[in-house]
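Build the complex from these two chains, which are given one at a time in their own frames, with help from the hints.
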Amino acid sequence: MTVTAAPDAPLLQVGTLTKTFGGFTALDNISVDIRKGERFGLIGPNGSGKTTLINCISGALRPQVGSVVFCGEDITQLPPHQRARRGIARSFQIPRPFKSMTVLENLMVGLDFATVGSSLPEEDIAMSILTRMGLASKAGAPTDTLSQVELRKMELARALAVRPKLLISDEAMAGLSSSEVDEVLDLLISLGEEDITIIMIEHIMQAVMRFSERVMCLDAGKIIAIGAPAEVMANKRVQEAYLGT
Amino acid sequence: MMKHRNSIAFWAGVAIFLVAVLSMTQIVRNEYPFFAGYVILQFIALAVAWSILGGYAGYVNFGTNAFFGVGVYTAVALFKATGAPLVVQIAAAAVIGMLLGFGVGLLTLRMRGIFFSIATIALAIIIETFVMNWRFVGGAAGIQLQRPPVTAPFDSYVKMLFFVQAILVVIAVGIARYIQNSRMGRGLQALRDDELAAECTGVPTLKLKLVACMISGALMSAVGAPAAMYLQYADPSSAFNLTYSVSALAMSLIGGTAHWIGPVLGAILLGSTQQFLAVTISSEINVLVLGIMLVLFVVGAPKGIIGLLRPRYRLRAGGKP
Ligand SMILES: Nc1ncnc2c1ncn2[C@@H]1O[C@H](COP(=O)(O)OP(=O)(O)O)[C@@H](O)[C@H]1O
Ligand SMILES: [Mg+2]
Chain A
73 MTVTAAPDAP LLQVGTLTKT FGGFTALDNI SVDIRKGERF GLIGPNGSGK
123 TTLINCISGA LRPQVGSVVF CGEDITQLPP HQRARRGIAR SFQIPRPFKS
173 MTVLENLMVG LDFATVGSSL PEEDIAMSIL TRMGLASKAG APTDTLSQVE
223 LRKMELARAL AVRPKLLISD EAMAGLSSSE VDEVLDLLIS LGEEDITIIM
273 IEHIMQAVMR FSERVMCLDA GKIIAIGAPA EVMANKRVQE AYLGT
Chain B
6 MMKHRNSIAF WAGVAIFLVA VLSMTQIVRN EYPFFAGYVI LQFIALAVAW
56 SILGGYAGYV NFGTNAFFGV GVYTAVALFK ATGAPLVVQI AAAAVIGMLL
106 GFGVGLLTLR MRGIFFSIAT IALAIIIETF VMNWRFVGGA AGIQLQRPPV
156 TAPFDSYVKM LFFVQAILVV IAVGIARYIQ NSRMGRGLQA LRDDELAAEC
206 TGVPTLKLKL VACMISGALM SAVGAPAAMY LQYADPSSAF NLTYSVSALA
256 MSLIGGTAHW IGPVLGAILL GSTQQFLAVT ISSEINVLVL GIMLVLFVVG
306 APKGIIGLLR PRYRLRAGGK P
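Chains A and B, in that order, give the protein sequences.
For the first sequence, my numbering begins at 73 and goes up steadily by one.
For the second sequence, my numbering begins at 6 and goes up steadily by one.
Reference excerpt, derived from the structure (chain B facing chain A, CB under 7 Å, subset only):
| no. | residue |
| --- | --- |
| 1 | R191 |
| 2 | A195 |
| 3 | A202 |
| 4 | C205 |
| 5 | V208 |
| 6 | P209 |
Cβ pair distances, simulated, as ranges:
| no. | chain 1 | residue 1 | chain 2 | residue 2 | range |
| --- | --- | --- | --- | --- | --- |
| 7 | B | G118 | A | R282 | 36 to 44 Å |
| 8 | B | H9 | A | E285 | 44 to 52 Å |
| 9 | B | G118 | A | G109 | 37 to 45 Å |
| 10 | A | R309 | B | I130 | 55 to 63 Å |
| 11 | A | T217 | B | S242 | 47 to 55 Å |
| 12 | B | G179 | A | D216 | 26 to 34 Å |
| 13 | B | T248 | A | H275 | 51 to 59 Å |
| 14 | B | L313 | A | S249 | 36 to 44 Å |
| 15 | B | F135 | A | G119 | 47 to 55 Å |
As a list, the in silico SDA-like pairs of lysine to any residue whose alpha-carbon atoms are at most 20 Å apart:
| no. | chain 1 | residue 1 | chain 2 | residue 2 |
| --- | --- | --- | --- | --- |
| 16 | B | K212 | A | L150 |
| 17 | B | K8 | A | P193 |
| 18 | A | K171 | B | G118 |
| 19 | A | K308 | A | Q278 |
| 20 | A | K171 | B | V65 |
| 21 | B | K212 | A | L133 |
| 22 | B | K8 | A | E195 |
It should be emphasised that the hints constitute simulated quantities derived from the structure, not laboratory data.
Beta carbons are placed, not taken as given, at the ideal position from N, Cα and C, and that holds for glycine.
Next up, chain B with everything else stripped away, as it sits in the complex (with noise of 0.2 Å):
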């Protein structure tokens, strides 16, 4: 079946993508090129995930920078009352993001499109100024953290950190990807389309859209848990940055979000520039770049890199090529 084979060839291209990881972290010397692509990463399974709810069900999340905020400081909390290893920073993370997606999406997620979009916005600050007051994660100040020994086969944290990334894209994409195949993503896509209509085609709504918003929640905070020990600092204003938001959305839509791989090309294309500016020109000219790209893209292919590589209504996977 066309289906089997698809998913043979995902996992296989999921697979030699691990081990070209891997390998990378065994032989290039260089600390600098697994700098700017842990960013990159970041920023593929950020997108990945913002399209879950974003892109799937069409609601628009300004939030993303409230869960990756929550995921950096449940991990910098948890390190430092626990010096838990990166792994437990990390599934803590998502636990706690998945039940901030819960709560939000309860009390939003009756509310329409535009509505979701400005709680999700209050939703960083709220979250931020509790932040800044909270004296023993280092309040407004900020917080030092020393990072602990580097675990084979790794000689270098940043080097276990790219690999430890490109793992949670791994993880988001295969779910992103399984969702669109599944029952769900066909729900998902109905009430993006039409929300009555597809109430009344027998699709529970408010629970789909509950589901998407607390793994996309999960999936942006775990995203955000290794960033601490990244920079070995955490303040409030970076970690809620809105950036993360603007930036999430935009490579959503700029990749097109009818399929999983166009937040993965919109992060690809977005963070690889954002990446060379900030080394060649500043980095302040990064959301610059962003903005004309978002209008480029709306104005020019409102279907994202995807809409212009692909025919219409062949995006939607399971078989069709």
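Here chain A stands alone, though its shape is the one from the complex (with noise of 0.2 Å):
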């Protein structure tokens, strides 16, 4: 079935999702359309279900409720390769490199299998986005020779090298000292100026204000706000949710 979308058709539209584990509810209920080029943050507080989120619209988990509908196609039962050929990427919370590889190789994994045909040889592609990530320098080197900071952008570029049309990063900045966030937000921010649209899952407040054209935030996996940055940031629902933890 192909559906062509309506030019101002949202990018994604995930409706009325609910995903449980046992008798657990992560997410209950959740519907939110994100528009194409938007740059869009995802907060709550720990165990809110911001991953399971992102589980769901890349297909890692199946939902029990709802459904994902990417570029006008309803993708809830697409394994996730299926996913990311359609445009679709993601990094992980906790990076999850192909170690046996180098950092070059990592990259060539996604344009193998996920884009097609291109008038670059592969490896110029790769190259490219190493280049554009502070990488370039690295590419040779296995993945346990990185450091944090570019183990994390590793994450991105490999993500980048399935040519998204949406890309979801998942707390790219944890842990990363103050000049390294700013640096990895600064790249998102330049990806999202080219067309690509970005969900990004933060916790650090100033890199979500600076980045986001909007915010939803979660808690108990429920959407408690949603809106421009600072009117969800005002909200009182999400200033006890964030105390509370």
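Shown next as structure tokens:
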């Protein structure tokens, strides 16, 4: 089934999503639309369901109820690799590099499998992504020689090798120094300027405020606020949720 | 290009190997070297076949004996029913092995590592039990086979089998090398490192594992097919002997699984040691030797012989030395 989306239709539509683990409800009836080109911040205390939500979007988990529609196509039943090929890429909260490969080879996986036909040689594309992420000098390095910030950047670079329409970054700045946070944030913002829609999960509020056009806050699997960053931050329930943890 | 030159060197090596094997069958009179050599070649092919799933994908298959035995009995049944020539027996075994690989893969490859391994152990037991009760191929007592006349230019059946097994080695190595240098090889390596990350990077992990399981299974069964004619006899407990599983696994791991040459080196080293011990001491000691060497390597050289020979991250072919 091919549905051509109207030009102003949302890139991603999450509809009435519910995900439970045993008797525990991790996501409770989540509905949200992400616009094309949007920089979307996702916040919420630990355990509020942020990672679970992006697992449902990327296909790592299947929700019990609800649907995920991407570019007008219902992808709820598709495995993750099919979603990657359609343009959904993600990084992991705890980095998951391909450990037996070099940094460049990590990127080659996405170029080999997720993208179709390109005029440039794949290695050139991979190198240009690495250069952009400031990792060119590490191209031939094994991943276990990378520093924390380099590993985070490599995860984003590998996600970019999928040539995504939607990039989801799961706490890519956790554990970084403030200058490193700015570095990664600048990278994400510059990616957002070239037509990649980005969902950024982050705890660092300054980063979220600077990055996001819109922010959504989850608490215990429910949306407690969504809207402009300043609005959401000023929301009483959001403040309670954060102070309560 | 480096890659191109590598390929030329590889195929030249293959040609030299086959010519050497063929000349040997024409020059050497004594049959013993062919008897012993056949077993070593058989283990090279088995180890290489095993490493396609067990090494590249990291799914440890304990069911080598199931695939090997299925190959043996495909050949036996076909030979008894139709008198089909050896080549047909081998081809049929490969097809059955591939189907078996598909079936087993579909049922078990969704499970992670250890469950897959356990399922493959069960597989051999189930099939062996079935064959034990299959009267047509001799049941538990086994079956004697009369070799057909040998084909020119060979003057003995064992020499011919030696050459045939050498060709199976070349096929197995050719396929393993092709996979290693292809997109599929990169995908298998990615899923071995991290299956979820591979999926999210676009790798169709289930499909790749399934294809690897089918190719590996087809090769293992093909390698088993000539065994009945080699021994002129087949019985379930030898055809489905767990030693095949242990050997294929140990040889691959000892050689190293990151490159096709690893299982080849491991099989040559262990296979010839075993042959030597079988002649000088007893064949009972083989399993002990396998065990000791495996432990030594796991502790001392976890990346196997090739890990000792080559620096890390140069293992993937594709140009680099
Ligand atoms: N695979 C899983 N099995 C069981 N419980 C899970 C699983 N994944 C997440 N959870 C639970 O769901 C809740 C939400 O987790 P998560 O989405 O990781 O939160 P966040 O990313 O917002 O910190 C947590 O209570 C967590 O323990
Ligand atoms: Mg999380």
